[in-house]
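Novice: Spelled out from the first residue to the last, the chains are:
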Amino acid sequence: MSYFADVAALARKDLRLELRARDTLPAMMLFVLSTLVVFHFALPTGADEVAAQGLLWVALVFTALLGLARAWAPEREGGALEGLVLAPSDRSAIWLGKTAAVFVFLVLIELVALPAFAVFFSPIQAEGVLGVLLANVGICAVGTLLAAMAAASRTRELILPLLFLPLAIPLVVGGVGASVSTDPGRYLLFLGLYDAVFAILCWASFEYVVSE
Amino acid sequence: MIRARGVEKRYGRRRALRPLDLDVDPGGFLVVTGANGSGKTTLLRLLAGLAAPTGGRLDVDTERGRLGYLGHEPLLYRDLTALENLDLFGRLYRVPERRERIGMLLERYGLWDVRGERLASYSRGMTQRLALCRALLHEPELLVLDEPFTALDVEGAELLDRQLTELAGTSTVVLTTHDPARVEPLASGLLALA
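Protein chains in written order, with the working numbering: chain A, 1 to 212; chain B, 1 to 194.
Any given hint might turn out to be false.
Stated by the list, open to error - Facing chain A, a subset of chain B residues (Cβ under 8 Å, in silico): (1) 50; (2) 63; (3) 69; (4) 74; (5) 75; (6) 76; (7) 80; (8) 88; (9) 91; (10) 112; (11) 149.
These aren't lab readings, by the way, just hints derived from the structure by calculation.
We put the CB at the ideal spot given by N, CA and C, even for glycine.
Please take these sequences and the hints and turn them into a complete structure.
Specialist: Put into structure tokens, the structure is as follows:
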């Protein structure tokens, strides 16, 4: 149980830091809303729903990227990551705690973004919402690991999108499929499988990301 | 406690630490001196497990959670308060009677009255005091201190002198300094890096 107590303490720390500094959430919120507004005017009147759903996923993935780029900023300042790495707790707990915090940020953003999408375009069905939640898991699991790798680089703003976007393509395919397909179950299963495989891979490999 | 044979560190073609042999017994107090760039910080990072040697063999006979490390950076969160920082690390290090231990350290290092303020508002010396509290929080059996007197005022330096005197002989201490005379009475060994 101490493993999950460590994860909870680390995730709580991230939520507290964000509540205090407000570095990430307001920027993500403004970005996703302004993107949806731009898409609203960019999409021709009468455009089909499939195109609109695709744009929603573009907005969500790039908003997540914005949050991921700042995910490890508190650890970079003051060398706090080394402090965590020296602690006796399992190092994967550092990744899981950060992933949980980023997941909460994304859900908070989507609580505003999805109703906004419904206003600008069309309401999202339950399958679509489930697709978003499942994709969140994959985005956070993979993105948090890649952001930790990129954080060590001077060109982190460039490296993170280069690594993350190709790995996010299956999530976009699954998410759009779950929203517009007549057989959403297939796509939800695909998203669940992606989450399971990549979450395990990221959990197991984080140790090597923070070790020299 | 520490045994190094031909340990060296390179970053690409640049040599950060020349090959060295080293033995430190449990309870030993090693003072490391040397000019800037001689590899003092690199050696301490190797001992702490924050870097891996590129040559030679290094054995440090302690568990990760029994090592206390003070580096050039505080290894703390700037937007957390002193209390929140120590509470987080106290949890991760499974410090028994955490609150009492944190309170005692903050009192001792003169930070109790500012325990609710964010680290970002601290002076360099106060930050160094808090970083010392973090390194000592879990009562480590091996303490690795990289220029611990840096930024400390006279009172802070005297507090650290007393702390080191208490630790000498009970914990193993490896410390780098540009003022070896200050800790010479406690030292069981001196390593001058060239």
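Novice: Take the hints in turn and mark each one as holding or not.
Specialist: Do the hints match the structure? See the list:
{"no.": "1", "hint": "50", "verdict": "holds (6 Å)"}
{"no.": "2", "hint": "63", "verdict": "holds (7 Å)"}
{"no.": "3", "hint": "69", "verdict": "holds (6 Å)"}
{"no.": "4", "hint": "74", "verdict": "holds (5 Å)"}
{"no.": "5", "hint": "75", "verdict": "holds (3 Å)"}
{"no.": "6", "hint": "76", "verdict": "holds (5 Å)"}
{"no.": "7", "hint": "80", "verdict": "holds (7 Å)"}
{"no.": "8", "hint": "88", "verdict": "holds (6 Å)"}
{"no.": "9", "hint": "91", "verdict": "holds (5 Å)"}
{"no.": "10", "hint": "112", "verdict": "violated (21 Å)"}
{"no.": "11", "hint": "149", "verdict": "violated (19 Å)"}
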